[in-house]
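Given next are the chains, with one letter for each unit.
Protein chains: 2
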Amino acid sequence: MPSLSLVSLDGFPMVKPGDDLARLTLDAMAAQDLAFRPGDVLVLAQKIVSKSEGRLRDLASIDPSDEAIALAKETDKDPRLVQAILDESTDVVRKRKGVLIVRHKRGWVMAQAGIDQSNVEGGEDGQLLLLPLDPDRSARLLRQEIERQTGTAPAVVIADSFGRPFRNGTTGVAIGAAGLTSYMDIRGERDLFGRELKVSTIGHADEIASAASLLMGQAAEGRPAVLLRGLPATGDSPASDLVRPIEEDLFR
Amino acid sequence: MPSLSLVSLDGFPMVKPGDDLARLTLDAMAAQDLAFRPGDVLVLAQKIVSKSEGRLRDLASIDPSDEAIALAKETDKDPRLVQAILDESTDVVRKRKGVLIVRHKRGWVMAQAGIDQSNVEGGEDGQLLLLPLDPDRSARLLRQEIERQTGTAPAVVIADSFGRPFRNGTTGVAIGAAGLTSYMDIRGERDLFGRELKVSTIGHADEIASAASLLMGQAAEGRPAVLLRGLPATGDSPASDLVRPIEEDLFR
Chain A
1 MPSLSLVSLD
11 GFPMVKPGDD
21 LARLTLDAMA
31 AQDLAFRPGD
41 VLVLAQKIVS
51 KSEGRLRDLA
61 SIDPSDEAIA
71 LAKETDKDPR
81 LVQAILDEST
91 DVVRKRKGVL
101 IVRHKRGWVM
111 AQAGIDQSNV
121 EGGEDGQLLL
131 LPLDPDRSAR
141 LLRQEIERQT
151 GTAPAVVIAD
161 SFGRPFRNGT
171 TGVAIGAAGL
181 TSYMDIRGER
191 DLFGRELKVS
201 TIGHADEIAS
211 AASLLMGQAA
221 EGRPAVLLRG
231 LPATGDSPAS
241 DLVRPIEEDL
251 FR
Chain B
1 MPSLSLVSLD
11 GFPMVKPGDD
21 LARLTLDAMA
31 AQDLAFRPGD
41 VLVLAQKIVS
51 KSEGRLRDLA
61 SIDPSDEAIA
71 LAKETDKDPR
81 LVQAILDEST
91 DVVRKRKGVL
101 IVRHKRGWVM
111 AQAGIDQSNV
121 EGGEDGQLLL
131 LPLDPDRSAR
141 LLRQEIERQT
151 GTAPAVVIAD
161 SFGRPFRNGT
171 TGVAIGAAGL
181 TSYMDIRGER
191 DLFGRELKVS
201 TIGHADEIAS
211 AASLLMGQAA
221 EGRPAVLLRG
231 LPATGDSPAS
241 DLVRPIEEDL
251 FR
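Chains as they are written, first to last, in this note's numbering: chain A, 1 to 252; chain B, 1 to 252.
Please keep in mind that the hints were generated in silico from the structure rather than gathered at the bench. Certain hints may be false.
As the list claims (entries may be wrong) - Quick list of in silico lysine to any residue cross-link-like pairs, SDA-like style, CA-CA up to 25 Å: (1) Lys-73(B) x Val-93(A); (2) Lys-95(B) x Val-93(A); (3) Lys-77(A) x Ile-62(A); (4) Lys-73(B) x Gly-54(B); (5) Lys-97(A) x Lys-77(B); (6) Lys-105(B) x Pro-165(B); (7) Lys-97(B) x Arg-252(A); (8) Lys-73(B) x Glu-53(B).
Stated by the list, open to error - Reference listing, derived: stretches of chain B covered by chain A, where coverage requires no fewer than 3 residues with Cβ under 8 Å from a Cβ of chain A: (9) 4 to 13; (10) 37 to 46; (11) 157 to 169; (12) 200 to 207; (13) 210 to 216; (14) 237 to 251.
Unchecked claim - Ranges between beta-carbon positions, derived for each pair: (15) Arg-23(B) x Gln-149(A): 47 to 53 Å; (16) Asp-134(A) x Gly-54(B): 50 to 56 Å; (17) Glu-248(A) x Gly-107(B): 45 to 51 Å; (18) Pro-38(B) x Ile-69(A): 52 to 58 Å.
Because the structure is a prediction, the values reported are computed rather than measured. In this text, a Cβ means the ideal position worked out from N, Cα and C, and glycines have one as well.
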């Protein structure tokens with residue numbers, strides 16, 4: 001019978017800029033007597049990828065524009081944070097007190113352009129953590145580096161948590177992926193009675209990110225790496241395929 | 001180290017109106033030498049719950065209104081199907097050729113009010129499968145019945161797949177749940193550095209549905225039941241908590 005297992009790679013140290021995530025991952029796996037097998041998926045929290053890539057910005061160094069100051073007033077946020085959000089975005093999608101939803105330069109519609117002040121040393125008045133510059137590339141390079149060091153190339157998913165229209169609560173979402181089919185289009189396949197399926201596209205990498213998120217947690221315990229085992233192998237397509245082009249979206 | 005396992009309960013027969021899902025589930029589990037343990041989560045595909053509850057509607061018996069006929073033309077759908085969609089909904093949220101997104105009477109914003117023609121015997125020109133009348137209640141009753149028959153009460157999630165604004169592909173979503181906290185609000189909790197978390201609400205039951213969806217598949221092989229093991233116990237709140245009230249939604 002088909003089955004999946006998810007294991008949290010505990011013992012991951014606090015990640016600092018310049019850290020080698022492949023090395024940290026393999027050390028954490030070795031400490032749990034785990035080694036990659038073909039078909040494995042490694043899911044990493046966006047935060048540690050961003051930290052290893054040094055995607056930090058000093059809040060104190062930011063000089064907010066008039067636009068940022070006005071928007072900060074509207075949304076009840078720090079004008080320097082709002083400036084950082086605008087710098088990462090192409091446009092503001094929705095705003096109101098406490099809420100600033102933008103379209104990130106990479107197409108994701110999300111709160112605060114994914115910028116985080118929590119779980120950053122010296123946060124609040126110190127540093128902002130931005131999303132990785134190109135998380136699909138980060139995933140691909142990590143996959144290659146693990147293959148170089150071990151001879152086995154796991155699929156890699158870089159996971160974040162997004163809020164959603166119409167539904168309460170964030171869910172895990174893939175912002176980067178390599179070594180699996182991120183977005184599956186099974187239109188044309190047939191159901192049990194031989195009729196064409198109606199629901200026929202799947203946000204596969206997002207479902208993987210959501211599954212891993214069940215183990216990662218959001219709070220103090222922070223478990224940033226999860227090994228997922230048992231998925232049938234698929235192709236290789238980036239998480240950017242999960243971003244619906246703006247001209248096809250009915251809710252922009 | 002924290003870990004999760006998901007197992008597909010294969011050997012589930014085709015479900016018919018009136019079938020006892022508790023019995024079918026326990027038979028499928030016994031055939032795989034599985035028995036419920038405290039903390040287990042049973043995830044069932046919406047389709048089999050709807051079928052067991054006889055939520056079928058004859059397409060031939062539907063007499064479409066003028067509104068349905070006009071909307072069918074706009075969306076390029078069967079006017080009788082459109083009538084059935086309208087009957088399940090409170091309003092049309094978005095429409096265009098091939099797309100009809102409504103607010104279901106239970107608040108879900110979804111395509112076609114969740115009505116399915118695939119995987120229904122005699123579909124297309126025959127029968128429509130509607131969503132369960134009250135999936136939170138269905139989940140609660142199933143949980144109680146399994147407890148009655150076995151002495152152990154698993155959490156139960158009834159899963160469907162929804163499309164999403166801004167992102168390609170459907171993902172698993174909980175439309176009914178019992179025995180776990182469907183929507184987690186961890187605002188006020190602290191991060192690793194003692195600061196309040198920014199991302200602080202979690203669509204927990206939706207993440208469970210997405211995880212199970214990785215095993216269920218959409219196509220012919222159809223695996224309608226998944227056992228999830230290893231989640232820490234939480235409280236007990238319905239999946240209806242995941243529906244954002246219309247007045248709080250920025251995207252209606």
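Going down the list of hints, with the structure as the test:
1. This hinted pair does not check out: Lys-73(B) and Val-93(A) have alpha carbons roughly 31 Å apart, beyond 25 Å.
2. The suggested pairing of Lys-95(B) with Val-93(A) holds, with an alpha-carbon distance near 21 Å, which does not exceed 25 Å.
3. For the hint pairing Lys-77(A) with Ile-62(A), the CA-to-CA distance comes to about 14 Å; that is within 25 Å, so the pair holds.
4. With a CA separation close to 29 Å, the supplied pair Lys-73(B) and Gly-54(B) exceeds the 25 Å bound.
5. Proximity of Lys-97(A) to Lys-77(B) is assessed by CA-CA distance (about 40 Å); at most 25 Å being required, the pair is judged violated.
6. Between the alpha carbons of Lys-105(B) and Pro-165(B) the distance comes to roughly 20 Å, so the proposed pair stays at or under 25 Å and holds.
7. Proximity of Lys-97(B) to Arg-252(A) is assessed by CA-CA distance (about 18 Å); at most 25 Å being required, the pair is judged to hold.
8. A distance of roughly 32 Å separates the Cα atoms of Lys-73(B) and Glu-53(B); the hinted pair therefore is violated under the 25 Å criterion.
9. Here's how the segment 4 to 13 of chain B fares: 7 of its residues keep a CB closer than 8 Å to some CB of chain A, so the rule of at least three is met and the hint holds.
10. Under a criterion of three residues with beta carbons nearer than 8 Å to beta carbons of chain A, the stated coverage of the segment 37 to 46 of chain B fails, only 0 such residues being counted.
11. With a threshold of 8 Å between beta carbons, the proposed coverage of the segment 157 to 169 of chain B by chain A holds, since 8 of its residues qualify and at least three are required.
12. Closer than 8 Å: that is the beta-carbon criterion, and the segment 200 to 207 of chain B has 7 residues meeting it against chain A, so the requirement of 3 holds.
13. Note: the segment 210 to 216 of chain B has 5 residues with beta-carbon separation from chain A under 8 Å; the three-residue rule is met and the coverage holds.
14. With 7 residues bearing a CB less than 8 Å from a CB of chain A, the segment 237 to 251 of chain B meets the requirement of three and the coverage assertion stands.
15. Arg-23(B) and Gln-149(A) have their C-beta atoms about 51 Å apart, which keeps the hinted 47 to 53 Å range intact.
16. The supplied range of 50 to 56 Å is met by Asp-134(A) and Gly-54(B), whose beta-carbon atoms lie about 51 Å from each other.
17. The hinted window of 45 to 51 Å between Glu-248(A) and Gly-107(B) is violated, with their beta carbons roughly 25 Å apart.
18. Range check, Pro-38(B) to Ile-69(A): about 54 Å between beta-carbon atoms, so the 52 to 58 Å window is met.
Violated hints for the displayed structure, listed by number in ascending order: 1, 4, 5, 8, 10, 17.
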